[in-house]
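*Asks:* Here the protein sequences line up with chains A and B, keeping their order.
Everything in the first sequence is counted per our numbering, starting at 3 for the first residue and increasing by one.
Everything in the second sequence is counted per our numbering, starting at 223 for the first residue and increasing by one.
The set of hints was computed from the structure by calculation and includes no laboratory data.
Some hints here could point you the wrong way.
As the list claims (entries may be wrong) - Derived DSBU-like pairs: lysine-lysine, alpha-carbon spacing no greater than 35 Å straight-line: (1) B:273 to B:316; (2) B:250 to A:100; (3) B:351 to B:238; (4) B:278 to B:250; (5) B:316 to B:238; (6) B:273 to A:110; (7) B:250 to B:273; (8) A:110 to B:351; (9) A:100 to B:238; (10) A:110 to A:100; (11) A:110 to B:316; (12) B:250 to B:238.
As the list claims (entries may be wrong) - So the derived label-pair ranges between C-beta atoms look like this: (13) A:145 to B:306: 46 to 52 Å; (14) B:233 to A:28: 39 to 45 Å; (15) B:270 to A:148: 22 to 28 Å; (16) A:21 to B:262: 15 to 21 Å; (17) B:350 to A:122: 26 to 32 Å.
Unchecked claim - Some but not every residue of chain B turned toward chain A, in silico, with C-beta under 8 Å: (18) 275; (19) 291; (20) 292; (21) 303; (22) 325.
All residues carry an ideal CB built from backbone N, CA and C; glycine is no exception.
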Amino acid sequence: MSSNQLYFDDVAEGDTIPEATAAPSELQIFFFSAATNNGHRIHYDLPYAQTEGLPNILVQGPLQAALLAKLLTDWIGPGGRLTRIQIQNRGNAFPNAKLTYGGAVVGKREEGGQLLVDCEIFEGDESGAVLMPGTATVSLPRRPGA
Amino acid sequence: MEESLITPEAEAMIGKEVGRQTAVVYPKEAQRFAAAVGDLNPLYFDDDAAKAQGYKGVIAPPMFLPQVLQGVTQLEALREDGVPIEGGSDVPVKAERLMAGGEEYEFLDTLYPGDAITAETRIQNVEEKQGRSGRFVLITRETLYTNQDGTLVARGRFSLIAR
Numbered sequence: 003m004s005s006n007q008l009y010f011d012d013v014a015e016g017d018t019i020p021e022a023t024a025a026p027s028e029l030q031i032f033f034f035s036a037a038t039n040n041g042h043r044i045h046y047d048l049p050y051a052q053t054e055g056l057p058n059i060l061v062q063g064p065l066q067a068a069l070l071a072k073l074l075t076d077w078i079g080p081g082g083r084l085t086r087i088q089i090q091n092r093g094n095a096f097p098n099a100k101l102t103y104g105g106a107v108v109g110k111r112e113e114g115g116q117l118l119v120d121c122e123i124f125e126g127d128e129s130g131a132v133l134m135p136g137t138a139t140v141s142l143p144r145r146p147g148a
Numbered sequence: 223m224e225e226s227l228i229t230p231e232a233e234a235m236i237g238k239e240v241g242r243q244t245a246v247v248y249p250k251e252a253q254r255f256a257a258a259v260g261d262l263n264p265l266y267f268d269d270d271a272a273k274a275q276g277y278k279g280v281i282a283p284p285m286f287l288p289q290v291l292q293g294v295t296q297l298e299a300l301r302e303d304g305v306p307i308e309g310g311s312d313v314p315v316k317a318e319r320l321m322a323g324g325e326e327y328e329f330l331d332t333l334y335p336g337d338a339i340t341a342e343t344r345i346q347n348v349e350e351k352q353g354r355s356g357r358f359v360l361i362t363r364e365t366l367y368t369n370q371d372g373t374l375v376a377r378g379r380f381s382l383i384a385r
């Protein structure tokens, strides 16, 4: 198995998930709208977004959520599985703004033959505000020979 | 005593099925989604990498799941803001604004490109809440996603805030 695999045995409550960053550009936001068949003008039409009182177009909530899920799937490696994710839309994210993704392990358990790790996760902006808090559970393999 | 924001009609929606549809997961759609996220995970793009982990081939990104049911949008069916007219709440509530509250997915089995997914949506709950800026109605829907073999692949819960 590849060296980027995370094992259940190597995770402890209180561990932090290595942080990741992203800064979706107008182009990425456009492509995400295209990939999700989303015509909502607030994601590409700045004059329209301003009529709704927004200072800029918005990063889509599902893109923010998918970037949070990526944090987890990158962390756990190919032999792990995301089994649950729960997120709340709390704040707007704008194009080209640096977004930080992170989290921490809050528990470990064995259930139904699966080795599960419960996490708290977040997306934050540069001011430190949490835009999207959440929780997640991942299933991990046991370290070979452990 | 203030009048409830939840009408008897809205109350009667609790537990009701409000949607059922089946759609096929197109491989390119799932990969376009992953690419637009900037998530080039080999499990989504490389059959051999996926097979090495015991999958039968490339898998769809978990967060692609709700996109499976995207229909074909007709331009004349769009509102001024670019959202399809039927988008919104099917629960009758007295509210000026609808906002996304939160969502939760339980991924119970693998979603593969090529799967035919049937999604059944029910209104799970309609409840009045007290927030910092006043009362609002929280509408929670639950969607069960089942594949062509009858396997429950995922469960999704979506909440809408009506205020």
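*Asks:* Now tell me, hint by hint, if it's right for this structure.
*Replies:* Do the hints match the structure? See the list:
| no. | hint | in the structure |
| --- | --- | --- |
| 1 | B:273 to B:316 | 51 Å, violated |
| 2 | B:250 to A:100 | 29 Å, holds |
| 3 | B:351 to B:238 | 21 Å, holds |
| 4 | B:278 to B:250 | 17 Å, holds |
| 5 | B:316 to B:238 | 19 Å, holds |
| 6 | B:273 to A:110 | 27 Å, holds |
| 7 | B:250 to B:273 | 19 Å, holds |
| 8 | A:110 to B:351 | 33 Å, holds |
| 9 | A:100 to B:238 | 42 Å, violated |
| 10 | A:110 to A:100 | 31 Å, holds |
| 11 | A:110 to B:316 | 43 Å, violated |
| 12 | B:250 to B:238 | 34 Å, holds |
| 13 | A:145 to B:306: 46 to 52 Å | 49 Å, holds |
| 14 | B:233 to A:28: 39 to 45 Å | 43 Å, holds |
| 15 | B:270 to A:148: 22 to 28 Å | 27 Å, holds |
| 16 | A:21 to B:262: 15 to 21 Å | 19 Å, holds |
| 17 | B:350 to A:122: 26 to 32 Å | 28 Å, holds |
| 18 | 275 | 5 Å, holds |
| 19 | 291 | 10 Å, violated |
| 20 | 292 | 4 Å, holds |
| 21 | 303 | 5 Å, holds |
| 22 | 325 | 6 Å, holds |
Consistency note: the structure conflicts with the earlier hints numbered 1, 9, 11, 19.
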